[in-house]
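Trainee: Input sequences plus hints: build the corresponding full structure.
The chain contents come next:
There are 4 protein chains.
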Amino acid sequence: MNNKKIRVAIIGLGRLGAIHAKNVAEQNNDFDLIAVCAAEEQLKWAKTQLGISATYTDYRKMIDEEQLDAVFIVGPTALHPEMTIYALNAGLHVFCEKPLGVDLQSVNEMVQTIHSHPKQIFQSGFMRRFDSSYLYAKKMVENGEIGKIIYIRGYGIDPLSGIESFTKFATASDSGGIFLDMNIHDIDLVRWFTGHEPVRTWALANNIAAPELEKINEYETGVAQLEMDDGVIATLVGGRHAAHGYQVELEIMGSNGWIRIGEHPEKNLVTLFTNKGVVRPVVQDFVERFSQAFIDEIKAFAANIKNKTQPEATVEDGLKALKIAKACQKSVDTNQIVDIKL
Amino acid sequence: MNNKKIRVAIIGLGRLGAIHAKNVAEQNNDFDLIAVCAAEEQLKWAKTQLGISATYTDYRKMIDEEQLDAVFIVGPTALHPEMTIYALNAGLHVFCEKPLGVDLQSVNEMVQTIHSHPKQIFQSGFMRRFDSSYLYAKKMVENGEIGKIIYIRGYGIDPLSGIESFTKFATASDSGGIFLDMNIHDIDLVRWFTGHEPVRTWALANNIAAPELEKINEYETGVAQLEMDDGVIATLVGGRHAAHGYQVELEIMGSNGWIRIGEHPEKNLVTLFTNKGVVRPVVQDFVERFSQAFIDEIKAFAANIKNKTQPEATVEDGLKALKIAKACQKSVDTNQIVDIKL
Amino acid sequence: MNNKKIRVAIIGLGRLGAIHAKNVAEQNNDFDLIAVCAAEEQLKWAKTQLGISATYTDYRKMIDEEQLDAVFIVGPTALHPEMTIYALNAGLHVFCEKPLGVDLQSVNEMVQTIHSHPKQIFQSGFMRRFDSSYLYAKKMVENGEIGKIIYIRGYGIDPLSGIESFTKFATASDSGGIFLDMNIHDIDLVRWFTGHEPVRTWALANNIAAPELEKINEYETGVAQLEMDDGVIATLVGGRHAAHGYQVELEIMGSNGWIRIGEHPEKNLVTLFTNKGVVRPVVQDFVERFSQAFIDEIKAFAANIKNKTQPEATVEDGLKALKIAKACQKSVDTNQIVDIKL
Amino acid sequence: MNNKKIRVAIIGLGRLGAIHAKNVAEQNNDFDLIAVCAAEEQLKWAKTQLGISATYTDYRKMIDEEQLDAVFIVGPTALHPEMTIYALNAGLHVFCEKPLGVDLQSVNEMVQTIHSHPKQIFQSGFMRRFDSSYLYAKKMVENGEIGKIIYIRGYGIDPLSGIESFTKFATASDSGGIFLDMNIHDIDLVRWFTGHEPVRTWALANNIAAPELEKINEYETGVAQLEMDDGVIATLVGGRHAAHGYQVELEIMGSNGWIRIGEHPEKNLVTLFTNKGVVRPVVQDFVERFSQAFIDEIKAFAANIKNKTQPEATVEDGLKALKIAKACQKSVDTNQIVDIKL
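Chains as they are written, first to last, in UniProt numbering: chain A, 1 to 342; chain B, 1 to 342; chain C, 1 to 342; chain D, 1 to 342.
Treat the hints loosely; a few may be bogus.
Chain copies aren't distinguished; within one or between two, either way the pair holds.
Cross-link-like lysine-lysine pairs, in silico, DSS-like; alpha carbons within 30 Å at most [what the hints assert, rightly or not]:
no., residue 1, residue 2
1, 299, 47
2, 148, 168
3, 4, 44
4, 267, 138
5, 22, 138
Simulated from the structure, these hints should not be mistaken for laboratory data.
Mentor: This is the structure in structure tokens:
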């Protein structure tokens with residue numbers, strides 16, 4: 001375990017980038033965080049808080065100048081493909097956040113480059129696969145404890161408190177739409193748990209909770225029903241209106257039992273008995289909900305590099321999730337059932 | 001309160017008929033149970049357990065011979081229309097179980113007859129509208145406590161333990177299909193809570209949990225996605241595979257809060273800490289889940305008769321729920337989105 | 001079942017008296033409510049709401065003049081003994097609320113009178129023994145499903161919202177002290193579940209939540225630890241400060257599992273997801289918590305009369321519970337361990 | 001943060017020692033794990049799993065020969081004092097597991113030595129103070145959100161599955177008794193939350209669940225009632241019989257609300273709906289329940305060393321908890337109320 005450390009850099013110090021940076025620096029003994037690349041105003045934080053002196057605003061320069069083994073790509077989604085391609089061509093292992101990108105053409109190039117560097121690790125940020133609750137459920141399903149899967153329901157619903165900042169973000173950038181933005185992980189979970197692919201979808205969306213989103217061509221809530229290739233049925237709900245917090249919930253109905261993960265997104269083991277009733281405090285965002293999974297996925301990345309193993313979730317998994325999210329969006333836009341081609 | 005009692009008879013002493021009979025006889029002071037009409041083998045029970053001497057196997061004869069004010073119709077669904085028509089024409093108030101019938105033609109006749117007897121009470125068995133949990137939720141919604149409704153999800157899932165008896169029943173009779181059999185109440189709840197009508201549906205169904213149902217043209221699980229006329233989205237899940245018990249669940253997502261009713265169908269206030277984990281025992285069937293609602297709906301029927309008020313849930317509500325269930329079924333059968341005409 | 005009805009009267013139309021009156025009149029077919037005796041201002045309610053014309057302010061007069069089979073005694077606790085004695089001597093069956101009385105001398109007389117009328121039913125209002133949650137737990141314990149009882153914990157805690165009215169009441173009357181007022185049912189449950197008697201207790205009490213109670217020699221919270229004759233240990237907590245509602249909770253630790261009853265006193269099957277967190281609404285008082293048990297205990301009283309069977313909970317059970325509550329109070333008053341003589 | 005690492009060794013590689021060793025080596029960037037001292041058979045694990053080459057069976061030799069800044073003492077409780085004294089005299093910072101020791105004389109020496117080295121950090125393993133649930137509750141209490149504390153209840157109950165190994169352990173060693181072994185942390189929490197000291201206790205104990213413990217002078221379950229110096233009342237329950245898992249629960253009743261921590265010791269966010277009912281899987285032992293707290297307490301130890309700050313929980317806190325546990329035990333042994341001298 002106390003072998004030579006993996007020399008690593010991070011591109012992007014936004015909310016999630018900062019989490020990865022802190023986890024690499026403080027919660028993990030596998031990596032040496034050598035350099036960061038981010039917007040000028042974020043670099044100060046890296047210097048003072050993490051003690052990183054090698055800071056860049058140009059990721060190419062950083063990759064060229066530093067002696068790196070691997071890189072974490074947490075920049076704008078649209079840039080994931082070019083950053084990944086540059087890093088792979090420079091011989092680095094790549095951890096790239098989700099989703100792979102926004103337009104399929106550049107993502108396809110990215111995928112080809114990944115395939116042409118089979119000895120380098122490429123891992124994408126499907127952190128939910130490292131969450132202890134999903135892992136517990138996965139094992140139960142694999143052990144046949146709930147029989148055959150019949151129906152699966154995934155919710156990805158952001159707290160209402162974030163709607164303003166989302167509106168700003170979506171005004172400036174392409175969010176990719178409600179399903180890409182909110183349900184990409186749910187789509188991955190549906191595929192991971194069932195081991196099957198969706199073939200058709202009918203999706204609906206509305207802005208009842210946030211009429212202001214109409215102007216920027218966004219939906220607050222989207223609901224997609226999917227038919228899987230083996231007859232399993234799925235429902236995805238994406239939204240940004242949860243008054244109580246951050247609701248990421250997955251229900252798996254089996255022929256001999258059901259599992260719900262995150263039914264109540266409890267923050268801790270505290271129960272309150274107050275004039276509000278009997279209350280469980282709940283998590284407020286993905287940072288809180290998946291704090292440990294973010295730590296565990298980078299441990300797994302280090303292990304993959306050391307053991308020369310590719311991660312279970314491949315780039316194809318990322319590509320398919322992207323295509324499925326886009327098919328749901330297309331169904332909303334066309335008001336029709338959409339066949340899903342993977 | 002201690003006025004003259006309402007003279008009443010019951011047609012049908014199956015599972016639900018027996019519940020109504022016992023409730024009328026033992027849990028209510030408004031009615032005198034004068035006579036029953038049922039299959040020969042069930043009459044003995046009425047004599048010995050309820051002390052009813054006036055027993056019939058022909059409902060027409062009973063209505064003709066006894067001096068009745070009202071009748072409870074709990075016979076086979078297909079006979080609901082003719083029984084209702086006969087009773088109304090004989091001047092009786094009618095409480096008729098759900099659904100109104102199976103074929104639309106006879107139901108339409110039934111509806112016309114009801115309309116031509118406006119002074120007689122006609123009440124159908126939407127007992128969920130009398131359940132304290134739904135009433136509590138309804139009041140919250142009406143008070144605006146969860147804002148505007150965005151999405152609504154209704155589950156009607158029978159216990160796995162009943163699948164054999166269902167198979168026998170459905171082999172012999174027309175169940176009406178998964179949505180009519182399992183979700184008619186959920187459809188009523190969606191309409192009741194939203195105050196709006198569905199306009200389109202896409203439904204899917206499978207027999208993963210009960211392949212034997214293929215032979216008798218039934219589905220074990222059905223899932224319907226509905227678009228409401230105001231943009232609200234709904235999901236209905238009907239099934240017969242719940243390993244834990246009887247799951248009737250309704251979720252109402254509002255722009256300022258959510259309500260779930262029956263998320264865990266707790267049987268009582270007991271929590272167990274055993275080698276199985278921390279366990280809440282749950283209700284096993286509709287009899288247990290809605291025992292109090294069955295008592296309360298007949299109290300309301302008596303009050304309607306005494307006060308000459310028609311029930312909130314009208315025959316049109318019953319008719320529309322029937323049409324919506326049939327539209328869902330048609331979507332499964334045709335594999336297409338179906339427009340709903342009400 | 002449709003036999004001759006039991007002619008019954010009620011003495012006392014306070015909060016609980018009114019509940020019994022309504023249940024007798026509306027939720028039960030066994031009794032004819034013939035007459036009521038109460039304070040003048042309460043009689044109007046009985047006339048208009050229940051249609052009772054035979055109303056009295058003198059219970060002796062009512063018992064003498066009406067042709068009664070049985071009587072419900074829901075008057076002031078201090079009068080329970082004399083009322084019971086008078087009714088028994090008049091040949092009536094008696095249902096008497098808890099506790100039996102406040103001073104042991106009159107209660108002892110009452111007990112002797114009960115013993116000298118063995119053919120008349122005497123039932124006291126241990127309604128918890130009719131609550132479905134306790135019955136479910138009792139059966140589990142009897143079936144050995146949690147092994148041998150090790151420890152038992154009972155909470156009887158009133159809502160904070162009632163503290164003002166309690167203060168008024170306790171200023172005017174003798175509440176009997178925190179343990180008699182709040183834990184008499186818990187004491188009965190400890191005895192009922194374990195089948196054993198407490199032999200010693202050490203009790204503490206404080207007024208941290210309600211310093212104003214000092215002036216009237218009352219305690220807001222009391223905690224008693226009891227040693228049972230077989231080594232089982234018990235803790236009783238009585239209080240009047242619950243911000244969330246009415247917490248009546250019983251925990252039974254067994255050598256092979258635990259049971260908690262009323263851990264969260266859920267009002268219904270509703271779960272709320274709001275900006276307060278994930279919330280279960282809870283019951284607010286004993287009326288709400290035990291509404292069904294109040295109905296069921298009077299059904300059992302009718303059945304006992306018809307079947308000439310004495311209730312499971314005897315007058316000795318009532319007497320012992322009273323003595324135990326007084327021993328706990330004495331421990332607080334003397335600041336010492338108290339030996340319990342039953 | 002990326003300063004020079006703290007050179008550290010660990011004494012003891014039992015269950016908890018191995019956890020600390022792994023956490024130091026893998027979950028933390030503050031320490032360099034230089035050496036370990038343990039029984040011969042445990043050293044192999046340290047070599048192969050942690051890559052530690054400097055291994056010892058004599059802790060004095062290790063402290064003398066290695067260039068250490070700090071040491072983790074996780075050896076047998078009885079040796080905590082002499083190990084601490086040796087390490088402090090050698091100039092090291094000390095993290096010592098709970099409890100401080102078993103006999104008061106050697107603990108008093110230990111305390112004196114700690115006081116005579118005020119510039120060296122001494123931290124004891126009150127890891128619960130680092131658990132996010134307790135921290136959340138502590139903040140609520142400090143913010144006055146539940147008003148004034150009235151009553152506090154702490155459970156420390158080990159899983160039934162561990163009773164055999166406990167029996168072996170307690171046959172060979174002095175466990176210190178049920179309260180010292182199971183409730184030392186609960187005692188600390190009572191003091192931490194209330195900010196007050198207990199003045200008297202009456203404790204009871206039994207072996208109903210494990211009669212075999214009689215032979216070795218141990219109790220399976222102990223219950224202590226405590227009177228605090230400000231009138232607050234507390235109940236402690238220690239046991240080793242939990243069929244469902246590891247129940248560490250704390251209830252804090254306040255004059256304006258209650259908090260329960262660990263009411264149901266949920267393992268994760270999974271809810272199961274199976275033929276067992278609705279089930280929450282639960283944690284099985286302290287390793288699982290406090291895994292994050294063990295990580296966080298050593299981070300805090302590192303921060304204390306770097307910042308030259310003594311931990312919030314002082315050695316006096318450890319000493320008082322020890323004395324209180326012993327007073328509870330004495331009450332069981334003498335069958336009397338015991339005054340607590342701190």
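Trainee: Decide, hint by hint, whether the structure agrees.
Mentor: Going down the list of hints, with the structure as the test:
1. Proximity of residue 299 and residue 47 under a CA criterion of 30 Å is satisfied in both settings, with 24 Å inside one chain copy and 21 Å between copies.
2. For the identical chains of this complex, residue 148 and residue 168 are inter-copy neighbours only, at 23 Å across copies versus 43 Å inside a copy, given an alpha-carbon limit of 30 Å.
3. In this assembly of identical chains, residue 4 and residue 44 lie within 30 Å of each other by CA distance both inside one copy and across copies; the values are 28 Å within and 22 Å between.
4. Taking CA atoms no more than 30 Å apart as the test, residue 267 paired with residue 138 passes in both settings, with 22 Å inside one copy and 15 Å between copies.
5. For the identical chains of this complex, residue 22 and residue 138 are neighbours both inside a copy (29 Å) and across copies (26 Å), given an alpha-carbon limit of 30 Å.
In this structure, every one of the numbered hints holds.
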